[in-house]
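Taken in order, these protein sequences are the chains called A and B. This note's numbering numbers the first residue of the first sequence as 2 and each following residue consecutively. This note's numbering numbers the first residue of the second sequence as 2 and each following residue consecutively.
These aren't lab readings, by the way, just hints derived from the structure by calculation. Hints may be right or wrong, so weigh each one.
Once the Cα atoms are required to be at most 27 Å apart in a straight line, the calculated DSSO-like pairs of lysine-lysine come out as [what the hints assert, rightly or not]:
no., chain 1, residue 1, chain 2, residue 2
1, A, Lys191, B, Lys197
2, A, Lys249, A, Lys353
3, A, Lys191, B, Lys191
4, B, Lys224, B, Lys254
Number of protein chains: 2
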Amino acid sequence: MSGLNNDNEGNGDNEEFVVTPWEVRGKIDYDMLVERFGTQRVDDSLLGMIESRVGELHLQLRRGIVYSHRDFDLILKRFDEGEKFALYTGRGPSGGVHLGHMLPWFFTKWLQDNFDADLYFQMTDDEKFLFNPDLTLEDTQKFSLDNALDVMAVGLNPKKTFIMIDTRCSRTLYNLGIKFSKHVTFSTAKAVFGFKNSDNIGMIFFPTIQAMPCFLPSLVEGKNVPVLIPASIDQDPYWRVTRDVAPKIGFYKPSQLHGKLLPGLSASGKMSASQPETAIFTKDSPEEARKKIWRAFTGGRVTIEEQRKYGANPDICAVFAYYYFLFEEDDEALKERERRCKTGDLLCGDCKNDLIERIVKFLREHQKKREKMKDILDQVLIDDSFFDSRIKSAAERGFPDG
Amino acid sequence: MSGLNNDNEGNGDNEEFVVTPWEVRGKIDYDMLVERFGTQRVDDSLLGMIESRVGELHLQLRRGIVYSHRDFDLILKRFDEGEKFALYTGRGPSGGVHLGHMLPWFFTKWLQDNFDADLYFQMTDDEKFLFNPDLTLEDTQKFSLDNALDVMAVGLNPKKTFIMIDTRCSRTLYNLGIKFSKHVTFSTAKAVFGFKNSDNIGMIFFPTIQAMPCFLPSLVEGKNVPVLIPASIDQDPYWRVTRDVAPKIGFYKPSQLHGKLLPGLSASGKMSASQPETAIFTKDSPEEARKKIWRAFTGGRVTIEEQRKYGANPDICAVFAYYYFLFEEDDEALKERERRCKTGDLLCGDCKNDLIERIVKFLREHQKKREKMKDILDQVLIDDSFFDSRIKSAAERGFPDG
Numbered sequence: 002m003s004g005l006n007n008d009n010e011g012n013g014d015n016e017e018f019v020v021t022p023w024e025v026r027g028k029i030d031y032d033m034l035v036e037r038f039g040t041q042r043v044d045d046s047l048l049g050m051i052e053s054r055v056g057e058l059h060l061q062l063r064r065g066i067v068y069s070h071r072d073f074d075l076i077l078k079r080f081d082e083g084e085k086f087a088l089y090t091g092r093g094p095s096g097g098v099h100l101g102h103m104l105p106w107f108f109t110k111w112l113q114d115n116f117d118a119d120l121y122f123q124m125t126d127d128e129k130f131l132f133n134p135d136l137t138l139e140d141t142q143k144f145s146l147d148n149a150l151d152v153m154a155v156g157l158n159p160k161k162t163f164i165m166i167d168t169r170c171s172r173t174l175y176n177l178g179i180k181f182s183k184h185v186t187f188s189t190a191k192a193v194f195g196f197k198n199s200d201n202i203g204m205i206f207f208p209t210i211q212a213m214p215c216f217l218p219s220l221v222e223g224k225n226v227p228v229l230i231p232a233s234i235d236q237d238p239y240w241r242v243t244r245d246v247a248p249k250i251g252f253y254k255p256s257q258l259h260g261k262l263l264p265g266l267s268a269s270g271k272m273s274a275s276q277p278e279t280a281i282f283t284k285d286s287p288e289e290a291r292k293k294i295w296r297a298f299t300g301g302r303v304t305i306e307e308q309r310k311y312g313a314n315p316d317i318c319a320v321f322a323y324y325y326f327l328f329e330e331d332d333e334a335l336k337e338r339e340r341r342c343k344t345g346d347l348l349c350g351d352c353k354n355d356l357i358e359r360i361v362k363f364l365r366e367h368q369k370k371r372e373k374m375k376d377i378l379d380q381v382l383i384d385d386s387f388f389d390s391r392i393k394s395a396a397e398r399g400f401p402d403g
Numbered sequence: 002m003s004g005l006n007n008d009n010e011g012n013g014d015n016e017e018f019v020v021t022p023w024e025v026r027g028k029i030d031y032d033m034l035v036e037r038f039g040t041q042r043v044d045d046s047l048l049g050m051i052e053s054r055v056g057e058l059h060l061q062l063r064r065g066i067v068y069s070h071r072d073f074d075l076i077l078k079r080f081d082e083g084e085k086f087a088l089y090t091g092r093g094p095s096g097g098v099h100l101g102h103m104l105p106w107f108f109t110k111w112l113q114d115n116f117d118a119d120l121y122f123q124m125t126d127d128e129k130f131l132f133n134p135d136l137t138l139e140d141t142q143k144f145s146l147d148n149a150l151d152v153m154a155v156g157l158n159p160k161k162t163f164i165m166i167d168t169r170c171s172r173t174l175y176n177l178g179i180k181f182s183k184h185v186t187f188s189t190a191k192a193v194f195g196f197k198n199s200d201n202i203g204m205i206f207f208p209t210i211q212a213m214p215c216f217l218p219s220l221v222e223g224k225n226v227p228v229l230i231p232a233s234i235d236q237d238p239y240w241r242v243t244r245d246v247a248p249k250i251g252f253y254k255p256s257q258l259h260g261k262l263l264p265g266l267s268a269s270g271k272m273s274a275s276q277p278e279t280a281i282f283t284k285d286s287p288e289e290a291r292k293k294i295w296r297a298f299t300g301g302r303v304t305i306e307e308q309r310k311y312g313a314n315p316d317i318c319a320v321f322a323y324y325y326f327l328f329e330e331d332d333e334a335l336k337e338r339e340r341r342c343k344t345g346d347l348l349c350g351d352c353k354n355d356l357i358e359r360i361v362k363f364l365r366e367h368q369k370k371r372e373k374m375k376d377i378l379d380q381v382l383i384d385d386s387f388f389d390s391r392i393k394s395a396a397e398r399g400f401p402d403g
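Excised from the complex, chain A in its bound form:
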């Protein structure tokens, strides 16, 4: 399956591309990102280490979708020595959830299940308010509650999942945050995040808030807890700064597993909420989903005759990418689909119809689960009082001492 070279992957030339926490543009060269960000490859040796512990590999690991990391080997080493890790991932609640947002959550659930890990899930309602001139804080708070239903519908363990909407936890976040921000100069923030003088001072402080869940599990447990962040690679700048500061304030550096971004349904770019026609949202009706898939960019030929004769190109096909990333669990079946595509045996119309069927089935089930999650939301949403009681007792046990 190494042949997949979808439209978000580099093609060897040096076209400009931008990957920051706030902007993803151009054809992403994921190999180049590993060098640019200074991360490590998820290689066969690391995959072997995971498989030997879990007994299997998640689709996103098998297919190189989760392809880069920082110190995940250290996480496994500590795990073997009896130090359980906590998971941390999150969502910027600026609107509805689409499949691109959910991609890392499916993988996070797999990690939670297989490593019996607590998950701290951050909803950055403050960030989305500060960075988006058109959103009010009330908007982003409303989206937070809505999006939390999608998060939980993935099947996360409600007893081990803690959803933090930032503005409900901001005493905890700010009070620990200032200890962190004391070690981050404007120069550093500017260099890493590209802040401009015209950016507002809330934005400039915000990386502090996003760093905090890397340390909160340690405060809650009253001892240093390793933290693993499964997230798309565009979030990496946050963790570079966080890893620099962590030892200065007495914590472990957080580790990361970086995923690729789910391609959009158009010819280029990731799935994006700002281009709704290129993304499948969790609340889309079957009809909306059908229309979007039907209009998707494929690797097909101009005429059926040509396609029967020369075959199509799955490497640039948005529809094939959806099978690859999400909707074909079976590696053999995926290979077979690729073969039939390339030989002209499978036509785009049929392939799209198959996908529509699978996506509509997924949406129907997800939408039902989403509704059910309303009953458990109160159980998983935490606020300052959660930390007040736990951090106090951690302090009594003597951590942190700084």
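Starting from the known structure of chain A, arrange chain B on it as the hints suggest.
Chain B only, in chain A's frame:
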């Protein structure tokens, strides 16, 4: 008494001086500050307006110590129309309290008593931690509790005084704060506060936190409440930014009454905690206070004979300044002391001994009151839960709507 030209007042030349919230250096030209900061003079007409309402003028108003303002006339106009104002002042808890810190608090008590005003008193433990490399957050939190005793010992009404230690209220401060900071660019913060690229991102965000008590009374009351800030003029940069942003987020601009800084006991500069020998601290023993006054800089002559013959100069005398700012309530008695000084009738030793007696008496009484305040501290210290209950009910009454 217009003749007082103590060592903190300009002498007409253009010597360099610096007045920022974090640094006061050189001979302060208070007239020039009015121009530099763009504030208004407290003139006879304004004094008349105050006197006609209160029936008297506080020493600091009579003597031009509180000498500058922004929109205090508007505060009085609204007061006449039935809109009561709230007071807001504060303290950066970086160590013990000295008389220079207390100067605005005495005046604040007078305002509270005479205008029946709620007082929000902010203890910026976060600021002092962020701006001082040598202080831990635990240090500044400890100082906050200690300093609060000095604040209350001034005689503030515990039923109308709300002391906010920032880290106890940081959910409230942050959640309202981000609405404010969205309107403050790094350019603005840099221009107003002189931030450098090497400053940390907590410092850069901090002006947000200091602005919040200007708006919190409105949230608590569920309607726009005028806020008056009695404080030393070095804090003015905060209010310039706050006044710009206030209408953009639906609040009144806060008004200010600016005070001069209490001179130190040495030849130049304000009383400063970083030069403890130049300041009388509230915890000083009688012996420590005696020594400091005894060594104070005066306007005396080199010999007793010369002084008897030519008189001394109260305008440059630190000892006379203490009578002027704090320890001689009676204007006639102050004039008489000035006359006797200038004519050589009163020698510095006698004048110092008088002051020592008054200061020692003050310290003894203050230290007793301070102890008693431990019993009411819980009553005046507020935290996020105070705002949670009140702001919620304000929201039910429909304010703010933005």
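- Query: Regarding the pair lysine 191/A and lysine 191/B, is the alpha-carbon distance no greater than 27 Å?
  - Reply: holds, 14 Å
- Task: Measure nothing beyond the straight line between the CA atoms of lysine 224/B and lysine 254/B; if it is 27 Å or shorter, mark the hint as holding.
- Result: holds, 14 Å
- Message: Does lysine 197/B sit within 27 Å of lysine 191/A, going by the straight-line distance between their CA atoms?
- Response: The given pair, whose Cα atoms are some 12 Å apart, holds under the 27 Å limit.
- Query: Has the given pair, lysine 249/A with lysine 353/A, been kept, meaning a C-alpha gap of at most 27 Å?
  - Reply: violated, 53 Å
The earlier numbered hint that this structure contradicts is number 2, and it is the only one.
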